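S.K.: What follows is each chain in one-letter form.
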Amino acid sequence: MPFLAAVLNTMGLVFLTHAIYSTHEHHSLTASSPYKTSTTAIPSFPSIPLDILIELLASTLALLTGIVLSSPALKPIQWSTWSSSLSRSGRKSEGKYTKENIEVLGEGDPFQFLGLDSVREGEGRRGFWDGRGARGEYVGWVKAGGKA
Amino acid sequence: MSQPNLLTPPAHISPQSALHLSQKAPLILSKPPTSSLPWPLSLLSSSESPETWTTYENLFYTCLQTGDDASARQILSFFSNRFSETNERVIVLRGLYEELQARNKVELEAVLKKYNQLISEDPTRFLVRKRKVAVLKSLEEMEEAIGECVRLVEESPTDVEGWAELGELYKSQNLFPQAIYCLEEVLLSCPNSWGAHATLATLHHLSSSSAPTPSIPSLTLSLRHFCRSIELNDSYLRGFYGLKVLSSELIPLLQNYNPSSRRNQHNDEEDVAPPKLETVKKLEELATGKLGEIVRRYGAGDNGWTGYEESEIAAARKLLDKEGKVVR
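These protein sequence lines map, in sequence, to chains A and B.
The numbering of the first sequence is my numbering, which starts it at 4 and goes up by one.
The numbering of the second sequence is my numbering, which starts it at 46 and goes up by one.
If you're looking for bench data, these hints aren't it; they were derived computationally from the structure.
Please read these numbers as outputs of a predicted model, since none were measured by experiment.
Here a beta-carbon is modelled for each residue, glycine too, at the ideal position from N, C-alpha and C.
The hints are all genuine.
With a cut-off of at most 30 angstroms between alpha-carbon atoms, the simulated DSS-like pairs for lysine-lysine come out as follows:
id, chain 1, residue 1, chain 2, residue 2
1, A, K102, B, K69
2, A, K99, B, K69
3, A, K99, A, K78
4, B, K363, B, K327
5, A, K78, A, K95
6, A, K99, B, K76
7, A, K95, B, K69
8, B, K321, B, K367
9, B, K76, A, K95
10, B, K321, B, K363
11, A, K95, B, K363
12, B, K327, B, K367
13, A, K150, B, K367
14, A, K150, B, K363
15, A, K146, B, K69
16, B, K363, B, K326
17, B, K76, A, K102
18, B, K69, A, K150
19, B, K150, A, K146
Interface residues of chain B toward chain A, partial, derived using beta-carbon atoms under 8 angstroms:
id, residue
20, A209
21, E213
22, C235
23, E276
24, T351
25, G352
Please build the complete structure, drawing on both the sequences and the hints.
M.R.: Structure, rendered in structure tokens:
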């Protein structure tokens, strides 16, 4: 699919540029032509030939399809669908890294800061972080042999 | 389950992942984040990014957890050079460091005294006041911790974190009506939080099971909140687990339930109409089905189903196995 989108985008751009150039050429030719069809004071736009018109429309359509195909997947707009995808798959990688070489992850539970939903009570509530408890747990784990 | 991450750490950092994370400290700390050049030039050569300080803060927490005090001290000096000693968050980080240096109760009480002094200098230092609650809690002076937390939410009633903490403090003292009140306050600010609904449901359930006889209104309220939590998140393991436990408790109660005898009692909870027996049975079926699906697909490692906690899955499997249904 990304390949098809890239092909459509390139083709669309090339043909659109070509159609615009042709229109410009055609316009400048007919404007300087001595055989003007219009005799009124209002300058009338010369009509674009059918082949350029078709090229314009087709290239725009190809470009539009390519852009739609190459856009990222839509996010759910229903709360329950969105939140259930968060709980089912957890945080996903965004494929980017910070300067400290840390992976940037996608969004997670926005209410984690309440600390109501973690394995141990109150964890995630940063303002009330129980550092001594956390260190106690760590020391106990090390003494127990450091296995998971 | 993805690797724990310093930028967006999980709520629960297990000792193993804390060790893993704090081992990154030497590499990250090898380069100071701020430039040593004077002001206009420092803007050009600084390596700060929006994520830098979040990373440092999270690294600070894991270093404290694993006892890597040297790295913690280094991060602390980065923070106070960058944001000055008087910044409230820097004060809190320094306080945290001192809390963990305290080897006994007396030293911890000295930290508490320092917090008291900071608060009396400026009573709007809410972050420091939160630390004070946490220290009182680790000193196991629950009464004082609750009192301090009550003052905190009285003066800052929109602080959901404070309400959540107060609810948990009350719960630890088995004061369920007060805890329920606190969680309802949390819901006022975060009505879409599925976790808050599930916690409130758990509290209603606990208040019913701590009473001498199971109270149908409490269980009904609990059922309602569990239903709301899975309405907000339709793959919420804890919600389905609670729903299943609750409905299997409610079904025998509702079978012997006589609505006419209820009218004679005049409780405050009288306006909570119990659910219909068929509804509860259907809810139980739904919860069993969904729990089965979650356990099965997590076990199979299906794509997009691996975000659950191992321990939660184990609990769900145990609950389903108790019924004699083989899931796998």
